[in-house]
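Protein sequences, first through last, are from chains A and B. Just so you know, we're using the working numbering here: the first sequence kicks off at 1 and counts up by one. Just so you know, we're using the working numbering here: the second sequence kicks off at 1 and counts up by one.
No lab work stands behind these hints, which were simulated from the structure alone. No experiment lies behind these values; they were computed from the predicted model shown. Just to be clear, a hint being listed does not mean it is correct.
[To be verified] Reference excerpt, derived from the structure (chain B facing chain A, CB under 7 Å, subset only):
| no. | residue |
| --- | --- |
| 1 | F47 |
| 2 | A49 |
| 3 | V59 |
| 4 | H63 |
| 5 | V198 |
Just so you know, even glycine gets a beta-carbon here, dropped at the ideal spot from N, CA and C.
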Amino acid sequence: MNLSATIRGVVYRFGSVKEVLAKANPPKSGDDLAGVSAREPVERVAARAVLADLTLAELRQHPVVPYEVDELTRLVEHSLDAAAYDAVKHLSVGQFREWLLDTRTDGPTMRAVAPGLTPEMAAATCKLMSNMDLMVVGAKAQVVVRANNTLGLPGRLSSRLQPNHPTDDVDGILYSAREGLSYGCGDAVIGVNPATDTPESTAQILTRLHDLRVRNAIPTQHCVLSHVTVQMKALDLGCPMDLMFQSLAGSEKANKAFGISVGLIDEAYDKMRRLTSNRGPNVMYFETGQGSALSSDAHHGADQVTMEARCYGFARRYKPFLVNTVVGFIGPEYLEDGPQITRAGLEDHFMGKLLGLPMGCDACFTYHARMSQDELETLKVLLGAAGCTYLMSLPVGDDIMLNYQSTSFHDIPSVRGLLGKRAAPEFDAWLCERGILDGDKPGERFGDPTVLQ
Amino acid sequence: MSFTRTMVQDLRVRLAGADPLPPPPPVPEIPLPPARVFPSPKRRSPFAAAAARHTTALVGIGHVGTRYATDVVLQFQAELAVAHGAVHTELPEDWAEKNGLLPLQSRVREHREFLLRPDLGRRLDEPSVARLRERGRKGVDIQPILADGLSAVACMGAGRELLDSFVKSCEARGFSVGTPVCARFARVWLEDEIGEVVGAKVAAILLGERPGLGTGDGLSAYLVYDPKVGRTDGNRNMMSNIHARGVPPEQAGKRLAALAGAMLTQRTSGVPLDLAPLRGELGDAVGGGYRAPDPRVRLVSVGEPK
C-alpha cells in the first residue's frame with residue numbers, strides 16, 4: 001500500500017490511511033479544530049492523489065476506528081454484503097469515482113452495490129469529488145422507502161414539517177402544522193423537537209398530531225424527537241407513533257455521549273416494528289451531522305466527513321424511513337461559513353445515498369455562522385437538484401425553540417416549482433383533492449391553513 | 001458564403017427542411033394599468049390572531065406566488081440583522097473597568113478565533129490568571145462572573161442589572177461573594193478555571209446567549225459546584241431566556257441565588273442536584289406552568305416616530 005505522492009518534486013508522505021482521509025478533505029473549521037487537516041492546499045491534493053490510488057479492499061482493511069475498540073466498526077464488518085463487496089473491491093477510489101459518474105451506472109445498480117460498501121469507502125470517494133460531482137451522482141441514486149406514503153421516487157421532493165414550540169404548547173404546534181400543510185409541506189413527516197423530554201409530553205404531542213392526521217385524512221407520518229428511551233416509554237403508554245427517532249454519531253464512544261448503543265437501538269427497533277401505527281415496512285428516523293463525534297472528543301483522530309459516513313453505516317442496519325444531516329446546526333467551530341456548510345450538505349447527501357439511505361438534509365445555519373440567507377436559499381436549490389429526498393420546513397424558516405434558520409414553508413413549493421418536482425404521490429393526490437394544489441400549481445386553498453380542521 | 005454557413009444550411013435542409021427559423025416571440029403589449037396591487041392586510045387574519053395566543057411562529061402570513069410579501073421580507077431581514085449584529089459586537093476592552101469589575105480575558109485574541117476555537121475561550125490567558133490571583137477574594141462561597149459569551153450586546157445591556165441582583169441576593173442569604181469579574185471572549189466553561197483560581201465553592205457565569213431571530217439581548221447563567229478545569233455540562237445547572245420579555249434580570253438574580261444556595265446545601269450541582277425543594281422559588285426556571293408567548297415585535301416602519 002502506497003502512502004506517498006510527489007507534486008513538483010516535493011514528496012508528501014502520510015503515516016496512515018486515516019491521515020490520508022483527513023488531509024484529503026476540503027477545508028473545514030472542525031478538521032482544523034481537531035488538528036487533522038492538511039497544512040496547505042498542495043498537501044491536500046497530494047493526499048487526494050494517494051487516496052485515489054488506494055483500493056476499496058485496502059479501505060476495508062483500515063477502518064478509521066479499530067475493530068477491537070468500536071462496535072460500529074464491528075457492525076459494518078459483520079454486516080457487509082459479500083457479493084456486493086466482491087463486485088467493487090478491486091477498484092481504486094479514483095476508479096470507483098469514475099464508475100459512479102459513468103452514465104451507464106444507474107440508480108438501481110448503485111443501490112445493489114450499497115450493502116457492499118463501508119462508510120470509509122463512501123467518505124473516501126466523496127473527497128475526490130467536486131460539488132457538482134456529488135450532485136450528479138446523488139441525483140442518480142434511488143432509495144425508495146415506504147411508511148404511510150412513499151418517499152424517494154424520481155421527480156419527487158418531500159419535506160419534514162417542523163412545528164417546534166419553546167414550551168411544547170400543543171395548540172401552538174398545531175397552528176404551525178396546519179400552516180405548513182397548507183403550503184404542501186409535511187409529506188416526509190410532521191416531526192416535533194420537544195422542549196420537555198418526558199414520556200408523557202411525548203405521548204401527548206404524538207396523540208394530538210395523530211388526531212390532526214386522522215381528522216384530515218393526511219397520508220403522512222408523525223414523530224416526536226425525544227430521546228429514544230423516552231419514546232420507548234411513550235409507546236408503553238399506548239400512544240400512536242408512526243416513526244421512532246434518534247440522533248446517531250459515528251463511533252461507539254460518541255454514541256455513548258448520546259446515551260445510545262447498537263444494543264439499545266436494536267431493542268428500540270424491535271419494539272417499534274411491533275407497536276408502530278404506520279403501515280411500514282420502514283419505521284425509523286435518524287439525524288446526524290458533521291462534527292458531533294469531535295464535540296464529545298470521540299473522533300479517534302479521524303476527520304468529520306469520515307465520522308459522518310460512519311453514522312450512515314450504523315443507520316442502515318434499521319432500514320430507516322428517514323435520515324437527515326442537520327448540516328449547519330452545530331456551529332462555526334465545525335462548519336465556519338456558507339461554502340463549508342454548502343459543501344457538507346452535498347457531501348452528506350451523496351454519502352448517505354451511496355450507502356443506500358433515504359437521505360434528506362436540514363439546510364440551516366445558526367446566527368453565529370457566517371452564512372447569508374441568500375447562500376442558504378442557494379443550498380436548498382442545489383440539494384433539490386441533487387435529488388435530496390427531503391428538506392425541512394418551518395414558518396419563515398425560523399425555529400423558535402432551537403433558535404436557528406432552516407427551510408421555510410414557502411421554500412418547499414418554490415424549489416419544487418423551480419425543479420419540476422412534486423410531493424410524494426399519495427400526499428400530492430391529497431394536496432390536489434383539498435385544493436391546496438391545482439396540478440403542479442398552487443390551488444385555490446394554497447397557503448390557507450383553514451383548509452385543515 | 002462561408003464554409004460554416006454552407007454546412008449549417010445543408011444540415012438544416014437534411015434534418016428539417018429549409019424553412020426559416022421561427023422569429024423570437026414578440027414582446028407582449030404593456031398591460032393596461034393599473035397592474036395588480038397586493039395590499040398588506042391591515043389586520044391579521046383570524047387564524048394568525050388565534051395562533052398568536054399560542055405561538056410566536058410567524059403563521060397566517062400569506063404569500064405572493066410561492067414567496068413572501070414585501071413586508072414579511074423586510075421584517076425577516078430586520079430580525080436577521082439584529083441577530084447578526086449581536087453576534088458580531090465585541091465587548092470593549094475597557095468596559096469591565098468602567099463598570100467597576102475586575103477585567104479578565106480568555107486565551108482568545110480576536111473575534112473570529114472566538115467563534116472557531118471554543119477550547120481557547122474556556123481558559124484564561126496568563127495576565128488574567130495573575131490579576132485574578134492578586135486581586136480576587138479567595139475561599140468564597142460564590143464567585144460571580146459576567147461575560148460576553150455569544151452576545152456582547154446582551155452583556156452590556158442587562159448584564160450589570162443581573163449581576164447586581166444576583167450578588168445582592170447572595171449576600172442577603174449570608175453567602176460570602178467573590179470579587180465580581182467580567183470576562184471577554186468567554187465560553188461557559190471558563191467559570192471552571194476562574195472558580196478554581198479563587199477557590200470558590202460555586203462559580204456562576206452570566207453571559208450573552210446565542211442570539212435567535214430578532215433577539216440579541218438574552219442572557220444565560222450557568223452555575224457549577226466545586227469548579228475545576230475538566231468539569232462537563234453534566235456538572236452544571238443553567239437558566240436561559242433572561243431578558244425583559246422572558247425572565248426579568250431582577251427576578252433571575254434572586255432565583256440564581258436560590259439555586260446557588262441549593263448547591264451549597266447539597267454540596268453538588270448538575271444532574272445529581274435535587275431541584276424539587278426549589279420548585280416554588282425557581283418558578284419557570286425548572287419548567288412547568290403555562291406562559292403566554294412573548295409578542296413578536298414589529299421591527300420595521302417607514303418614516304420617523306412621531
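Right, here's what the structure says about each hint:
| no. | hint | in the structure |
| --- | --- | --- |
| 1 | F47 | holds, 5 Å |
| 2 | A49 | violated, 11 Å |
| 3 | V59 | holds, 4 Å |
| 4 | H63 | holds, 4 Å |
| 5 | V198 | violated, 28 Å |
In summary, the numbered hints that this structure violates are 2, 5.
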